[in-house]
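Trainee: Chains as they are written, first to last, in the working numbering: chain A, -4 to 260; chain B, -4 to 260; chain C, -4 to 260; chain D, -4 to 260.
Think of the hints as simulated: they come from the structure by calculation, not from any bench. Possibly wrong hints are sitting among the right ones.
[What the hints assert, rightly or not] Negatives, chain C to chain D, calculated, CB over 10 Å:
1) 5
2) 21
3) 22
4) 34
5) 36
6) 41
7) 93
8) 120
9) 153
10) 207
11) 212
12) 225
13) 236
14) 241
[Unchecked claim] Dumping the calculated SDA-like pairs for lysine to any residue here, alpha-carbon to alpha-carbon at most 20 Å:
15) D:220 - C:16
16) C:232 - D:257
17) A:239 - C:181
18) C:232 - B:235
19) A:30 - A:15
20) A:232 - B:11
21) D:232 - A:235
22) B:239 - A:15
23) D:239 - B:228
24) B:220 - A:9
25) C:48 - D:175
26) C:30 - D:35
27) B:239 - B:14
28) A:48 - A:9
29) C:138 - C:165
30) D:232 - B:201
31) C:205 - C:228
32) D:30 - C:258
[To be verified] Stretch-level coverage of chain A by chain B, calculated; a stretch enters the list once three of its residues show a Cβ under 8 Å from a Cβ in chain B:
33) 110 to 124
34) 181 to 190
35) 201 to 212
36) 218 to 228
37) 246 to 258
Even glycine gets a Cβ: it sits at the ideal position worked out from N, Cα and C.
4 protein chains.
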Amino acid sequence: MSDLIKNGSYVLIFLDGKRNWIREVKEDGTFHSNKGQIQYNDLIGTSYGRVVKSHSGIQFQIHKPSLTDIQTSMGKKTRISTNIVYPKDAGIILIESSIGAGSEVVEAGTGSGALTFVLANAVGSTGKVYTYEAREDIYQTAKMTLEKYTPTKNIIMHNKDILEGVEEKDVDAVVLDLATPWEVVEHAFNALKPSHYFASYSPTINQVMKTHEALSIDGQWGMLKTLEVLQREIRVKPNATRPKTWMVAHTGYMTFARKLYDGYS
Amino acid sequence: MSDLIKNGSYVLIFLDGKRNWIREVKEDGTFHSNKGQIQYNDLIGTSYGRVVKSHSGIQFQIHKPSLTDIQTSMGKKTRISTNIVYPKDAGIILIESSIGAGSEVVEAGTGSGALTFVLANAVGSTGKVYTYEAREDIYQTAKMTLEKYTPTKNIIMHNKDILEGVEEKDVDAVVLDLATPWEVVEHAFNALKPSHYFASYSPTINQVMKTHEALSIDGQWGMLKTLEVLQREIRVKPNATRPKTWMVAHTGYMTFARKLYDGYS
Amino acid sequence: MSDLIKNGSYVLIFLDGKRNWIREVKEDGTFHSNKGQIQYNDLIGTSYGRVVKSHSGIQFQIHKPSLTDIQTSMGKKTRISTNIVYPKDAGIILIESSIGAGSEVVEAGTGSGALTFVLANAVGSTGKVYTYEAREDIYQTAKMTLEKYTPTKNIIMHNKDILEGVEEKDVDAVVLDLATPWEVVEHAFNALKPSHYFASYSPTINQVMKTHEALSIDGQWGMLKTLEVLQREIRVKPNATRPKTWMVAHTGYMTFARKLYDGYS
Amino acid sequence: MSDLIKNGSYVLIFLDGKRNWIREVKEDGTFHSNKGQIQYNDLIGTSYGRVVKSHSGIQFQIHKPSLTDIQTSMGKKTRISTNIVYPKDAGIILIESSIGAGSEVVEAGTGSGALTFVLANAVGSTGKVYTYEAREDIYQTAKMTLEKYTPTKNIIMHNKDILEGVEEKDVDAVVLDLATPWEVVEHAFNALKPSHYFASYSPTINQVMKTHEALSIDGQWGMLKTLEVLQREIRVKPNATRPKTWMVAHTGYMTFARKLYDGYS
């Protein structure tokens, strides 16, 4: 039994890795591209995963937007920050912080909402994502974007600067994508269950150094680790297989630590 | 409220990145290492996340085993295969295949159970992992290992060669870690919902080429993509920060594709 | 004693990593850019390494073109091939093939002449570079380009397909940047001194596989090795140091082997 | 005409990438390994590049030691420093500093002599390498090692701390592998020709930051750039080609700059 596309559904209209778009299907509406038009009425009531021809004869794949499709799309839309957390980094954050179905996670800042979306998908209806965003305009935009793509019952959004404190207690993980994560270390400590996970994403090595310094005071944190993940795409073609010429060489470093119950003496 | 360690709990006893062990806490039992002994009775009834001293005065962290701790440990124990799916690769598989709370996933082969464990944690109690393993000894070992670390109600284990077919229908993702994934492409197609995810992990580029070839027949699959993920650890020390000297340079390539409903004409 | 710029000298006019140009200094001529003009007469008779202001007040560095400057520039000019051998790869070819002052090297194809230029600089006046290029138009263009940048007394150019054979004997290294290097393995063998170096640069893994196959026949070659070199640039800024966001992720693989005198039995 | 092995020649005795040795051929002497013995008398008067059998029937390749063979061997022998400049880094230093036949280069510290050896091979008999080493024991060891492998007429060794100044003027490049390269920036400036090359190799990012800071004072240097080079080896096997599992993930960063004649105003 496959999902059917409805009026109001979001679809990924895919030509190739560079030319693809997430669009809301609107009755009587039309998708326009320089490779031709598609009538949304031709999609409504049909299955995701179809290949449809534009009126100029070009074939497009019509997909249910994936985690990566949506995350990437959110990144494109935001003009607020040039750095969104990429899928490759979101994956390692989930795994290294043991975030899964049922987890309760604090996140800051909300930003584009791209990582919030991934976290909400991971924790599911039995978990919770508490996300903090200081700036009101960003908060409002993220709220609207998230409501488009996901049932947000498991997302609690705070329009509040996390530097002022975390309201939640006994959470499973605190995930930070902030300019000054070292200022939130103490708040994260107070919010976490013992043995649980601090994760911080930072583009520069200077931020990493300061975060480590803050995590090293008083012997309160264990298992400190900083990782960087590089993702390479391989172009597989008969008789001409090779890695792609260009890649994103750096997005950010991820620093992980676990809360100690009573720390080193 | 923090979890308390009980008789029968598994703990990670952590000295440093190289010297750490997952152990079952047994009443009246003792943990032995060349850095001294720890009496399990001293742990029972206390919180995870504590730092305890061995009788020779060395401090160990006592943690609730994380996803990564368990996954890595499963990899060490198996003598069956030299390749387990690493955390970095498991992360990207989850994200790129949109696997989250509630997903229904087919996996083959079960192998050490390390990836099964990660998938089960991701899909949670509202999802399902159907895992296939042809060899009986491996199947039995994986079963025992999985029962140690996770409630396995959401895991259905088949002691069956997936080359003979997939019993499930309309699943959200098929994840393969097999020597000959190209032979399972047709079975995967039949098991998947349209627009959903085929993911295959292979150490060699020759396997990737053959898998692409199988995925390219008949225009049945869309959005083919092969990724490789490199993880680098940064050693952060005051005045001496640098990437670690050695790293795992290659584990495997991951090939993704999405089932088309009616394919290219 | 520093070199002085003369009428007819080539200079690198440098604004930043993306905006820089190699130009011939011509009496009474003018350099034009959207950051203003520079009169060449103001450069003639002065030292390389100066910072000069354009008429609109922007400061440019004036350098003697380096190996990398010229190699990169040659790459830009050629429309023949999208792949030039990058500085990072040229470096490893020199080192792994033990090419230095006095070496005699066979190269094919000449292509843009970029690698020829690097080899000629390395072997110096006591060495020789014999370079083969099948296509006449490419041969002529490379000849003109090389004459601009280097005294070519140590370069012998053949307008000849190396598939027809190598005229030289007892050379120190054979360096190939060809679509089908495996077809030249036997010619390379005949041209080389025993224990000396075969080096082949290829963008695709399929070419590497075929080259290895050709090198593995009859046990005539030793110490086969294929390397790939990734170069990452670090943007060093006070309080904001990080690798650059984008990098060239793949140029080519380099395969090395050494001629055996009598081979494996 | 191939070189013949003589009494006193150095040879590389090669079994595989891990088991290979550079040895001096001594009349009536014997090479011992756990794969059998080789009589040096059987090598004398024969060509490099032969495959010889040990008395236990194992075949070894006998090669003239290459740049990489010697550089790697020097690295193994030194107990002084854990960091030698690897071939991959030496290659990029040569290219980015435009070092070739005839160049005059200042180097510090001499260390194991591995990089001195590469530089001497690059500049040849028409160039010069001036190398500084503060510690006498290291200086003496490097002197002995270099005399074994290369005619040292083009190498001038100073047993002197380069922090006290550089004796040479108008050199083409200054290459540093020192704990505190930023303290030598001014000396390097005074020694170099305008438009010529400062190159510094440092394992930690903190050293890079301090070096950039020193290079940024007074606008005296142009074209600052920091590179990191990663080398990956591909294991090419029929039907099982893949990058090797482990690699050296980090050796050092290389910082380059060019001396300005009169600097920024």
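Trainee: All the hints need checking, so say for each whether the structure fits it.
Mentor: Evaluated hints:
| no. | hint | result |
| --- | --- | --- |
| 1 | 5 | holds, 12 Å |
| 2 | 21 | holds, 20 Å |
| 3 | 22 | holds, 21 Å |
| 4 | 34 | holds, 18 Å |
| 5 | 36 | holds, 18 Å |
| 6 | 41 | violated, 8 Å |
| 7 | 93 | violated, 4 Å |
| 8 | 120 | violated, 7 Å |
| 9 | 153 | holds, 22 Å |
| 10 | 207 | violated, 4 Å |
| 11 | 212 | holds, 12 Å |
| 12 | 225 | violated, 4 Å |
| 13 | 236 | violated, 6 Å |
| 14 | 241 | holds, 15 Å |
| 15 | D:220 - C:16 | holds, 17 Å |
| 16 | C:232 - D:257 | violated, 23 Å |
| 17 | A:239 - C:181 | violated, 31 Å |
| 18 | C:232 - B:235 | holds, 17 Å |
| 19 | A:30 - A:15 | holds, 11 Å |
| 20 | A:232 - B:11 | violated, 44 Å |
| 21 | D:232 - A:235 | holds, 17 Å |
| 22 | B:239 - A:15 | violated, 38 Å |
| 23 | D:239 - B:228 | holds, 18 Å |
| 24 | B:220 - A:9 | holds, 13 Å |
| 25 | C:48 - D:175 | violated, 34 Å |
| 26 | C:30 - D:35 | violated, 68 Å |
| 27 | B:239 - B:14 | holds, 17 Å |
| 28 | A:48 - A:9 | holds, 11 Å |
| 29 | C:138 - C:165 | violated, 25 Å |
| 30 | D:232 - B:201 | holds, 10 Å |
| 31 | C:205 - C:228 | violated, 32 Å |
| 32 | D:30 - C:258 | holds, 19 Å |
| 33 | 110 to 124 | holds (count 8) |
| 34 | 181 to 190 | holds (count 3) |
| 35 | 201 to 212 | holds (count 4) |
| 36 | 218 to 228 | holds (count 11) |
| 37 | 246 to 258 | holds (count 8) |
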